[in-house]
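Student: Just so you know, the sequences run in chain order A and B.
This note's numbering puts the first sequence at residues 163 to 726.
This note's numbering puts the second sequence at residues 19 to 375.
Simulated from the structure, these hints should not be mistaken for lab results.
Every residue gets a Cβ at the ideal spot worked out from N, C-alpha and C, and that includes glycine.
Treat the hints with caution; some may be incorrect.
[Stated by the list, open to error] In silico DSSO-like cross-links for lysine-lysine, where the CA-CA straight-line distance does not exceed 30 Å:
(1) A:514 / A:304
(2) A:708 / A:695
(3) B:346 / A:471
(4) B:133 / A:304
[To be verified] If you anchor each label on the Cβ, the simulated ranges turn out as follows:
(5) A:584 / B:218: 49 to 57 Å
(6) A:581 / B:128: 24 to 32 Å
(7) A:521 / B:47: 22 to 30 Å
(8) B:262 / A:188: 37 to 45 Å
(9) B:264 / A:186: 55 to 63 Å
(10) A:521 / B:103: 52 to 60 Å
[Claimed, not checked] Under 7 Å between C-beta atoms, here's a sample of chain A residues computed to sit facing chain B:
(11) 200
(12) 205
(13) 273
(14) 274
(15) 300
(16) 402
(17) 466
(18) 470
(19) 622
(20) 626
(21) 628
(22) 643
(23) 646
(24) 723
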Amino acid sequence: MPEHDVLIIGAGLAGQRAALAAAREGVSVGIISKVHPVRSHSVAAAGGINAAISVADDWRSHAYDTVKGSDFLGDQDAIEVMCSEAPGEVMHLEHIGVTFHRNDAGELDLRAFGGASMNRTAYVADITGQAILHVLYEQLMKHSSSVERFEEWFVTSLIIDDDGGCAGVIARDIRTGRMETFAAKNVILASGGAGQCFKPTTNALICTADGITQAYRAGAPLMDMEMIQYHPTTLAENGFLITEGARGEGAHLLNSEGERFMSKMAPNKMELASRDVVSRAEQIEINEGRGVGPDGRGIYLDITVVPRKRTLEALREIVNIGKDFAGVDITREPIVIQPGQHYIMGGVKTDKDGRTPIAGLYAAGEVACVSVHGGNRLGANSLLDTLIFGRRAGEHAAARARSLAMPSVSEAQLRRDAEMIEQIIARPRAGRRISEIKEELGTTMNQHVAVFRDEQGLTAAREVVVRLKEEAATAYVDDRGTVFNQDVLGAIELGYMLDAAETMVVAALERKESRGAQFRTDFPERNDAEWLKHININCGEDGEPKVSYSPVTITQWQPEERKY
Amino acid sequence: MSEFTLRLRRYDPQSGEPPYWESHTIELEPHRSVLEGILQARGRFDGSIGIRCSCRSAICGSCGVRINGQPGLACHTHLDEALERSSDGMISVEPMGNMPVIRDLIVDMDAVHWKKIQAVTPWLLAREPVPEREYLVDREAMVDVTQSMACIQCGACVSDCLAMEVDPDFIGPAALAKSYRFVGDPRDSEHTERLTALSEDPHGLYTCTHCFKCVDACPKGVNPMGQIMRLRRIAGSDHHIEDRNNGYRHEHAFVDNVRRNGLLHEADLLPDSYGGKFNPRAVPELIASMPVALRGLLRGKITLRKALTHPHKASKELRAIFERIESKPERYELNLYVSGTDEDNEPNEPAPAEAIA
């Protein structure tokens, strides 16, 4: 049985950063990932990473922008930690090899980004996430003697001991089908978001809410689950992400009348207002008949106003995406985009050190909710979130490991999970296909839990999710093998997604106001008197979601009207 | 919507059966990707089809396969494009080459690709002292290494590397491109050590045969062969690394041969690479190459006259090019990735009015 002081689930930016930080403290570290680490979805983060590194900047300005971006739902103590530690973290990345673009003086260049009061986004063309992820993996290879990697292993459940603490995980080696019990003094969840609950989404096929639901089922509270970010610029064709960096470089949004409509909603920041504001403005144009594209469901993103040479150097990836996936040369003509599901601000509730209320269980990155993003995440704050809280969780868990003995874990849970998998494989071909249920979940969520929501739609969505949970219990798989049986893993992931989707719908129904990414057409105003609080959801004894509240931490910025 | 027939290479290691082909008919718009086609087949007909995939947008590097014999990403190949390259009206998808197959379209990248990456010390050996803030480096240098940083480790270049097919120990295009990412990085302190190791490795820098397969295969424009050639120029011209594999001399002999003859005189190239026909080092090499030369003669690929004499001499224009280049105080490296083409540097055309309306 593998034993580790710190065991990390997920090897994107948060997970790898946590692993490196814990290893540096000299404890034994393991990292498990269901895909090879460089395939993790952090690879898709494009535009950059925010940090007040310019001499003209101040981390407090970054923190205020983040608080305002969160629509005052973010916890300000956590935001202060993130923003004040950001410059040091970016310099650390630079020192270990990230190839950040430079200005003519050879210093890090900074680009404009949404919701930011000045240029503070460091970047590598529009492959920033890829560049950082690959450099962290270089470091994992360098430190391969102190971080044990389990690549292509799938976690089936967390082990909770009799005292209610987390003592390890059960996982399956995808290549062989072998199940293994991993004992650990501390487990850090860093397994990413839940975008696959929606269709379309910018998120990769692996973003299936695994960690969110594993923690939920183990008794941890989820927080801010109603806060789902719709990114303003996703390709109308297929939902692919077009980086906010495009607007950072100066691109315009135009409706069918050729009007820069952002002047109505955000006369000062225009296209660089926060994402919830821009997505809403776009959706209003579309709903009122000023959309573009074949069915009028799109908006023009006009990058031709950016100098061609600059676009080709700083936005290479979206030049390729335009060409390869939409047949458009974005340096010559506008491209049709629309708001699309992109990120979940909510997740497993943690403190500033990544601790969940379950002893020994940590979470960091998109799976977690600290909450630094509150109602709406600013662009280029997600990479920062993963790195700062990944590192802090890794350091804290390593320190905690020193005073603990390795927990003794029985094989009972392994047998339970192995039986669960055998039962899925043995199901008769009578129910629905996994792919059908996933499709229905995605389209339902995208219809009712999107930019605009109301009670009727959310109630309908909840009914669908509850029905799909029943259907998923009998959905059958075709693959009966053990080597790379992706089919059976898909069935387990579907279960993760359905539980997470249910908590999103329940939270969205609960919050009877409009704040950040949650816009209720039946409650169109922000209501600080009643709703300046987090919604927490726990899994009840009966398996039903139970709602409670927790206060928002305010340090120096009182809620005010939000204008861009 | 159009119908496409996918012919998938299937292999189940637990069945005891050899690999086989299986066809599925799928329905999608022609500009959708081969990956979407495979996922439709998996979702509708057979959940057991094995393929690694995640992002669907050519950034995670999971879905490297061979489509109608060409390596690439399934998500980055349009169905209609793939069909055009097909000879039998079907889109054939099989696992990448040069790596063992685990199951269906899934290959063991750890056994080959990642092992080679690991061998090039794939992390920055940073210059000391580490500054308090960022290292101050040229803007262009960082743009330049971003080209090799853009590698997504999909393995497409490894799949069809001909040199690796012949010499499985060849370090290969992906690992060499990764090397350039450090050799080209002004913050790295061990350029000479890295280049020496790659030059001295008998399966290293000079094993590449310039076949361009990796350049065609790469879905991200990394141009692995270009990075290999750049490593050689830096090793030879800037660091003067004279390796045991004779790569350094060979490159110089090649250039001198062209300078002299205008067109390459192949019969001279081999002895010149070893210091000339009468150099003692050249004799065993010449003897060793006799069977190849003899076979060439017998099959009419070369004639004795052509092998011994080379009527062509360098023209005045060619000599002028050499003089012009070699008179520069520093070696000039044309790098379109940094400079952009003339077309890239043109000012923007205004967007056509009808596109907006």
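Student: If a hint holds in the structure, say so; if it doesn't, say that too.
Tutor: Results for each hint:
1. A:514 / A:304: 29 Å, holds
2. A:708 / A:695: 16 Å, holds
3. B:346 / A:471: 28 Å, holds
4. B:133 / A:304: Given that 30 Å is the threshold and the Cα spacing comes to 13 Å, the pair holds.
5. A:584 / B:218: 49 to 57 Å: This hint holds: roughly 54 Å between Cβ atoms.
6. A:581 / B:128: 24 to 32 Å: Taking Cβ atoms as reference, residue 581 (chain A) and residue 128 (chain B) lie about 30 Å apart, which means the hint holds.
7. A:521 / B:47: 22 to 30 Å: 52 Å, violated
8. B:262 / A:188: 37 to 45 Å: 41 Å, holds
9. B:264 / A:186: 55 to 63 Å: Roughly 44 Å apart at Cβ, these two residues miss the hinted range, so it is violated.
10. A:521 / B:103: 52 to 60 Å: Once the Cβ atoms are compared, 58 Å apart, the range 52 to 60 Å for residue 103 (chain B) and residue 521 (chain A) holds.
11. 200: 6 Å, holds
12. 205: 5 Å, holds
13. 273: 14 Å, violated
14. 274: 18 Å, violated
15. 300: For residue 300 (chain A), the interface hint holds, since the closest Cβ of chain B sits about 4 Å away, which is under 7 Å.
16. 402: 5 Å, holds
17. 466: 5 Å, holds
18. 470: 5 Å, holds
19. 622: 25 Å, violated
20. 626: 19 Å, violated
21. 628: 23 Å, violated
22. 643: 5 Å, holds
23. 646: 5 Å, holds
24. 723: 34 Å, violated
Hint check: violations occur at hints 7, 9, 13, 14, 19, 20, 21 and 24; the rest are consistent with the structure.
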